[in-house]
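Protein chains in written order, with the numbering used here: chain E, 1 to 498; chain R, 499 to 996.
In case anyone wonders, no lab produced these hints; they're calculated from the structure.
Take the hints with a grain of salt, since some may be wrong.
[Stated by the list, open to error] To give a feel for the contact side, a few chain E residues facing chain R, derived at Cβ under 10 Å: (1) 29; (2) 132; (3) 279; (4) 315; (5) 350; (6) 451; (7) 484; (8) 486.
[To be verified] No more than 27 Å apart at the CA atoms, straight line, and that leaves these computed lysine-lysine pairs for DSS-like: (9) R/871 x E/373; (10) R/973 x E/415; (11) E/34 x E/415.
Nothing here was measured: the structure is a model prediction, and the numbers come from that model.
Cβ coordinates follow ideal geometry from the N, Cα and C atoms, glycine included.
There are 2 protein chains.
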Amino acid sequence: MNHNMHEQQPLRQTIYYGTFIHTPTPTTLSVLEKTSIGVSSTGTIIFIEPLSPTDAASKHSWSTYTTTRTPSSTSFFFPGLIDTHTHASQYPNVGLFGSSTLLSWLETYTFPLESSYTSLARARTVYRRVVARTLSHGTTCAAYYATIHVPSTNLLADICHSRGQRALIGRVCMDRMSPEHYRDESPATALQHTKDVTAHIRALDPEGALIRPIVTPRFAPSCTSACLSTLSSYAESEDLWTQTHISENSSEIELVRSLFPGSPNYAGVYDCFDLLTPKTILAHAVHLTPEEVRLIAARGSKVSHCPVSNSALTSGAAEVRTLLDAGIDVGLGTDMSGGYSASVLEVARQAMLVSRVVALRDGERGRDGEKAKLGVEEVLYLATKGGARCVGLEGVVGGFEVGMEWDAQLVSLEKVDAGSFVDGAESERFGDEQGGYDDDVLDQTAGPVDIFGWESWPDLVAKWLYGGDDRNVLKVWVRGRLVHVLGGGALRERVEND
Amino acid sequence: MNHNMHEQQPLRQTIYYGTFIHTPTPTTLSVLEKTSIGVSSTGTIIFIEPLSPTDAASKHSWSTYTTTRTPSSTSFFFPGLIDTHTHASQYPNVGLFGSSTLLSWLETYTFPLESSYTSLARARTVYRRVVARTLSHGTTCAAYYATIHVPSTNLLADICHSRGQRALIGRVCMDRMSPEHYRDESPATALQHTKDVTAHIRALDPEGALIRPIVTPRFAPSCTSACLSTLSSYAESEDLWTQTHISENSSEIELVRSLFPGSPNYAGVYDCFDLLTPKTILAHAVHLTPEEVRLIAARGSKVSHCPVSNSALTSGAAEVRTLLDAGIDVGLGTDMSGGYSASVLEVARQAMLVSRVVALRDGERGRDGEKAKLGVEEVLYLATKGGARCVGLEGVVGGFEVGMEWDAQLVSLEKVDAGSFVDGAESERFGDEQGGYDDDVLDQTAGPVDIFGWESWPDLVAKWLYGGDDRNVLKVWVRGRLVHVLGGGALRERVEND
Chain E
1 MNHNMHEQQP LRQTIYYGTF IHTPTPTTLS VLEKTSIGVS STGTIIFIEP LSPTDAASKH
61 SWSTYTTTRT PSSTSFFFPG LIDTHTHASQ YPNVGLFGSS TLLSWLETYT FPLESSYTSL
121 ARARTVYRRV VARTLSHGTT CAAYYATIHV PSTNLLADIC HSRGQRALIG RVCMDRMSPE
181 HYRDESPATA LQHTKDVTAH IRALDPEGAL IRPIVTPRFA PSCTSACLST LSSYAESEDL
241 WTQTHISENS SEIELVRSLF PGSPNYAGVY DCFDLLTPKT ILAHAVHLTP EEVRLIAARG
301 SKVSHCPVSN SALTSGAAEV RTLLDAGIDV GLGTDMSGGY SASVLEVARQ AMLVSRVVAL
361 RDGERGRDGE KAKLGVEEVL YLATKGGARC VGLEGVVGGF EVGMEWDAQL VSLEKVDAGS
421 FVDGAESERF GDEQGGYDDD VLDQTAGPVD IFGWESWPDL VAKWLYGGDD RNVLKVWVRG
481 RLVHVLGGGA LRERVEND
Chain R
499 MNHNMHEQQP LRQTIYYGTF IHTPTPTTLS VLEKTSIGVS STGTIIFIEP LSPTDAASKH
559 SWSTYTTTRT PSSTSFFFPG LIDTHTHASQ YPNVGLFGSS TLLSWLETYT FPLESSYTSL
619 ARARTVYRRV VARTLSHGTT CAAYYATIHV PSTNLLADIC HSRGQRALIG RVCMDRMSPE
679 HYRDESPATA LQHTKDVTAH IRALDPEGAL IRPIVTPRFA PSCTSACLST LSSYAESEDL
739 WTQTHISENS SEIELVRSLF PGSPNYAGVY DCFDLLTPKT ILAHAVHLTP EEVRLIAARG
799 SKVSHCPVSN SALTSGAAEV RTLLDAGIDV GLGTDMSGGY SASVLEVARQ AMLVSRVVAL
859 RDGERGRDGE KAKLGVEEVL YLATKGGARC VGLEGVVGGF EVGMEWDAQL VSLEKVDAGS
919 FVDGAESERF GDEQGGYDDD VLDQTAGPVD IFGWESWPDL VAKWLYGGDD RNVLKVWVRG
979 RLVHVLGGGA LRERVEND
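Chain E with its partners taken away, still in its complex shape:
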């Protein structure tokens, strides 16, 4: 693939043809077969037609275009996934947390690593890897936390821009309760360094078409009232989005209560500083009280659900159904490295499981347990269109609709060779089986999901959700640009058409 693809690859208008699957609503899995989607040279979806590329082009008077087709009967286009909460800087610690919980984990694992990003060399290696990995998992947009360091945070923005991944880039602000060498000297420092990163990103991407800055007070315990207040004013004056954490863990909630005795609860702390806005992403929201849920809903703030992290760090099981019923926009977050995976698909999978933990708990408490369970369509909605609403890209990405931008992935699942897999065809003598097995029965480059041929499209999607990995992502596009091809040399050979 070309270097610096975002700059160098000229776009041509393209017709994508085959099967398209997306979730226009939380409870709808829409499957469009034998469909052509026309994407303009600026990456916008111009038409969606149940026609062949030729007929669709003719209807829309397109004379020149490139065609990209699904390569098999078990492949489909799906919207790119949106990671609404993750810490790029913590990536090297993925999988490392022992039996710690939030506050001890921050001290033991997180602050020592984050504070090392004074090294640009370290930042470069890690951030390149994070962006490459998340793209390979089909993540077309991520809301990143970096560290307090301006140069390496700017570098993360550069890397996302260069690789063509949509991103919100957060320079972490924190002026207390972290090691002295890894802390903002004052609210003024937090503000100035946030401004520095904002300026860098605005120079890089003046329209914020791909990369946007996001104001990032780490969480209430890390920020003095003056810091929260300063950052809130700045975000409002510059019309910027804000991200922070809320109600992840019981001890953290106790800590917030002791630090802000005047506030009725955790959400109230942020609200007191006007940090609960329709442009605020709140990560976790595991232990919210009904009052807090109502407050967040009233303010229109968004929640990033991080089930992998919440399970791994023994934080708890967030009640997503309650949040959705209250009208709160919810997206999914990998929350690396509280979460152990860079894959939003893994997060969606764990969101299913965690919703079942909540269902069991509700049942034990005499409530209707069934209600809490999330369906395949729902978690995929959260991973795409729901996520888009959380990062300010509603109507722009997350689905296949005319006027949206082409942030998408080509998913392919492996079909088991069914040569002998026909009922009534078992004419081979029994006993022939004792010889003749070879390990070529598996193509491990194609990922671990096996399709036997009788599955419906919803079955295929469920199998992908529960078993899929980066090997099932053949290609990824952002704003119409090809930003990832299933890689590693030989694997690329599988991707035949383009």
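Could you slot chain R onto chain E? The hints should help.
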């Protein structure tokens, strides 16, 4: 790889050299570096020496031998994984269960599929795939449920034998509460067909060195008292192992209560028919009462913990710590297709998370939550040595000890290129970053785990546990025979030494 490897590959004595990691006890991760393990031509570990292959061979007067070395500083030998509970026949349904729970899932998804194994062609395709997949995930031994059909169950045994995977093969017995066309006509039928499979397996593998039959009453609701009694007598008279399910789901427990009103509880039903023995594997054990835990411990029966399935089917969270504290042997089971993955590593990962769900629940109930959490070493012990105790292979497999057989895998993790990853070496001008990214930064054939170079061996193991997949399994051996090489053509090129 050769066809029919189990028959055709002559074994030579081999010295494995490099780093060996295993769990001699549930709380010990033992790391042996620069070590030679000598394996005889019959697959038995003869010596373990902290010496080079040459020196070790000299010390033990070995003149001819093959040497297999770990290929890098981030690879190690690990015992093969043991799947103590899985349904080979349900494999095509992996990932498909909607929001059903146990009893509705059986009716909607499971019985229709299982009943189709009258087709040997279907059985052949599916069973070949199951064995290939599980081997690719490092599973060297599995306790399988097949279906009620004798020919296809025999075929599963043949395939395991041919591919060289250790297996316990269970012909499923059930004489009530399933569709009429998928049910044993009588206890006598259940017995006769079990005998038929036993005879086939004994002809195939007279010493049971690799393949053993296991008596398999599906679960109490599926078996009349006469059926349970008949099978129990048969297992005892033939000195066979038995496997069944217990206490998976609340509705199932209610059903058992209504079907066996004379028994004090679910475990009591099996005990009444002398089915709780030291050679019994009980899958699930999610909702056991303290009395049942004591009974199972007293009888010496084993428990297969299936957290993936238990979470997916909303069955509940088994209290593994309670079982272990009672002295019960516990192993891990994928329980496909209640479970959505063929990987025991995935099960170990979910065992960590489910233990955290239990920890939170215990905390809410005023107990010491920390106690319930399982550690990395513990779940890997359950996946290896613990599993071996559950399937009657204690002292035979599950670890690296002189006298044990060589059931092992070569695990390899990808090291991130640290060329520019040295503190103080960030001499590159900032801004160079805007060009020059290419997607070759990722080798997707090497799996999703990234090692940065500063990690300890326990860190590497934790990263593998949380993020590893079949791409990290370069080779798998059973009884000294090579039974899997990371496959799919090109991927195999990565495996250089042998």
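Would the hint linking residue 34 of chain E and residue 415 of chain E be met if the CA-CA limit is 27 Å? 20 Å, holds
For the hint on residue 484 of chain E, does the least C-beta distance to chain R fall short of 10 Å? Nearest chain R Cβ about 6 Å off; hint holds.
Should the interface hint for residue 132 of chain E be scored as holding, given a Cβ-Cβ cut-off of 10 Å against chain R? Interface hint status for residue 132 of chain E: holds (5 Å vs cutoff 10 Å).
Is the interface hint satisfied for residue 451 of chain E? The criterion is a beta-carbon contact with chain R at less than 10 Å. 9 Å, holds
Hey, residue 871 of chain R versus residue 373 of chain E, does the alpha-carbon distance stay inside 27 Å? 25 Å, holds
Classify the hint on residue 29 of chain E as holds or violated, based on whether any CB of chain R lies nearer than 10 Å to its CB. 12 Å, violated
Does residue 315 of chain E pass the interface check with chain R, least Cβ-Cβ distance below 10 Å? 8 Å, holds
Restraint satisfaction for residue 279 of chain E [CB to CB of chain R, less than 10 Å]: 28 Å, violated
Status of the residue 350 of chain E interface restraint (C-beta, 10 Å, chain R): 8 Å, holds
Closer than 10 Å between Cβ atoms is the bar; does residue 486 of chain E clear it against chain R? Give me holds or violated. Hint on residue 486 of chain E: holds, closest Cβ of chain R at ~6 Å, below 10 Å.
Is it true that the CA of residue 973 of chain R sits at most 27 Å from the CA of residue 415 of chain E? 24 Å, holds
In summary, the structure is inconsistent with hints 1 and 3 from the numbered list given earlier, while agreeing with the others.
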